[in-house]
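Asker: The residues making up each chain are set out below.
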Amino acid sequence: MTETEGKTALLLLGCPQVPVQTSVAIHLCDQLRERGIAPVIAGTGSARKLIEVADPKRRYIGEVVDLDDCIDAIAEKQRDFDYAYVFIHNDGGVSYAGTLSAISRARLVGIVYGEHADETAALITFPCEVVATKATHNPMPIVVKLGRVLP
Amino acid sequence: MSCIEQLEYEILLQGASFKESAEYIKKHFSEWFEVEPGYRLFDAHLIGVPPVVLGVEGEDVIFPYVKPCRGTFLLRAKGPEEIAKLRARKKKR
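Residue numbers (my numbering), protein chains in the order written: chain A, 1 to 151; chain B, 1001 to 1093.
These are calculated hints, taken from the structure and not from any lab test. Note that the structure is a prediction, hence the values are computed from the model and not measured. Check each hint, because a few of them may be wrong.
To be verified - Pairs of lysine-lysine, DSS-like flavour, derived with a Cα cap of 25 Å:
no.	chain 1	residue 1	chain 2	residue 2
1	B	LYS1078	A	LYS134
2	A	LYS77	B	LYS1085
3	B	LYS1067	A	LYS49
4	B	LYS1085	B	LYS1026
5	B	LYS1019	B	LYS1078
6	A	LYS57	A	LYS7
7	B	LYS1067	B	LYS1078
8	B	LYS1027	B	LYS1078
9	B	LYS1067	B	LYS1027
10	B	LYS1027	A	LYS134
11	B	LYS1085	B	LYS1019
12	B	LYS1019	B	LYS1067
13	A	LYS77	A	LYS7
14	A	LYS7	A	LYS145
15	B	LYS1026	A	LYS77
As the list claims (entries may be wrong) - Every beta carbon over 10 Å from chain A, so not counted as near; a handful from chain B, in silico:
no.	residue
16	LEU1012
17	PRO1037
18	PRO1068
To be verified - Over 12 Å on every C-beta distance to chain B, these chain A residues come out as not near it, computed from the model:
no.	residue
19	GLN17
20	SER23
21	ARG33
22	VAL53
23	ALA54
24	ASP118
25	PRO127
26	THR136
All C-beta atoms, glycine included, are put in the ideal place defined by N, C-alpha and C.
Assemble the whole structure, with the sequences as input and the hints as a guide.
Answerer: Spelled out as structure tokens, the structure:
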């Protein structure tokens, strides 16, 4: 048994406007499962649908929940996670990560991508590990960097 | 956050960043408060980068409302009970 066995991770997905989000999220679920960590995806309606359609038998993803319901549960101390990965490509994503930094005890990682990744990453002024790359269509630059923040 | 969408509100800013919204409140309203993200306002937990700035003018609360795809909206809505709660926190600058 490894030290990560039985732990939980939240993958918080924002607007799926940038194509890499869905494939990186599924890849991350696989990596977490390999470490014995149960992934839980929280996202907007369209982000959840993209994930669920891409993995219909749920070989990689696990529980999938509504983004705002998840924030409510954490804020009300009904639920929390050991790790939290927030997918960020705009100011809204930074705000969600900032919220988790205040309400959750999870080890927080911001996965910042998209055309303006550097500028967006600069908005992260709260405690949060950051992986930033300008990837929009090709997920590989993010996948390579993910290794640095996996437990 | 659907309960906020059911309020009668005025949009003061749209398309601004979260930081710009906070700066707008501090510049345009003499009474403002700082709260942590997750603070419950109008039965919803506020989303944002800490500290979240809320303004007060008359019976209105001015607050940021973040939508994942559309960014931050700065809204103004009547909320005397929320104002009383904020003042009771004694966290005024």
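Asker: Does each hint hold? Answer for all of them.
Answerer: Comparing the hints with the structure gives:
1. B:LYS1078 with A:LYS134: 42 Å, violated
2. A:LYS77 with B:LYS1085: 21 Å, holds
3. B:LYS1067 with A:LYS49: 18 Å, holds
4. B:LYS1085 with B:LYS1026: 19 Å, holds
5. B:LYS1019 with B:LYS1078: The hint holds at about 23 Å.
6. A:LYS57 with A:LYS7: 22 Å, holds
7. B:LYS1067 with B:LYS1078: Holds, because 21 Å separates the two Cα atoms, which is no more than 25 Å.
8. B:LYS1027 with B:LYS1078: Given that 25 Å is the threshold and the Cα spacing comes to 20 Å, the pair holds.
9. B:LYS1067 with B:LYS1027: Holds - the C-alpha atoms of LYS1027 (chain B) and LYS1067 (chain B) are around 23 Å apart, at most 25 Å.
10. B:LYS1027 with A:LYS134: The given pair, whose Cα atoms are some 34 Å apart, is violated under the 25 Å limit.
11. B:LYS1085 with B:LYS1019: With a Cα-Cα distance of about 24 Å, the restraint between LYS1085 (chain B) and LYS1019 (chain B) holds, given a limit of 25 Å.
12. B:LYS1019 with B:LYS1067: 15 Å, holds
13. A:LYS77 with A:LYS7: Distance of about 17 Å is within 25 Å: holds.
14. A:LYS7 with A:LYS145: 22 Å, holds
15. B:LYS1026 with A:LYS77: Between LYS1026 (chain B) and LYS77 (chain A) the Cα gap is close to 31 Å, so the pair fails against 25 Å, i.e. violated.
16. LEU1012: 17 Å, holds
17. PRO1037: About 4 Å separates PRO1037 (chain B) from the closest Cβ of chain A, which leaves it inside 10 Å; violated.
18. PRO1068: Non-interface label fails for PRO1068 (chain B): nearest chain A Cβ at 4 Å, not farther than 10 Å.
19. GLN17: Not fine: 7 Å to the nearest Cβ puts GLN17 (chain A) too close to chain B.
20. SER23: 19 Å, holds
21. ARG33: 25 Å, holds
22. VAL53: The assertion about VAL53 (chain A) holds, with a minimum of 19 Å to chain B.
23. ALA54: Label holds. Min Cβ-Cβ 19 Å, cutoff 12 Å.
24. ASP118: 15 Å, holds
25. PRO127: 10 Å, violated
26. THR136: About 16 Å separates THR136 (chain A) from the closest Cβ of chain B, which puts it past 12 Å; holds.
Checked against the numbered hints above, the structure violates hints 1, 10, 15, 17, 18, 19 and 25; every other hint is satisfied.
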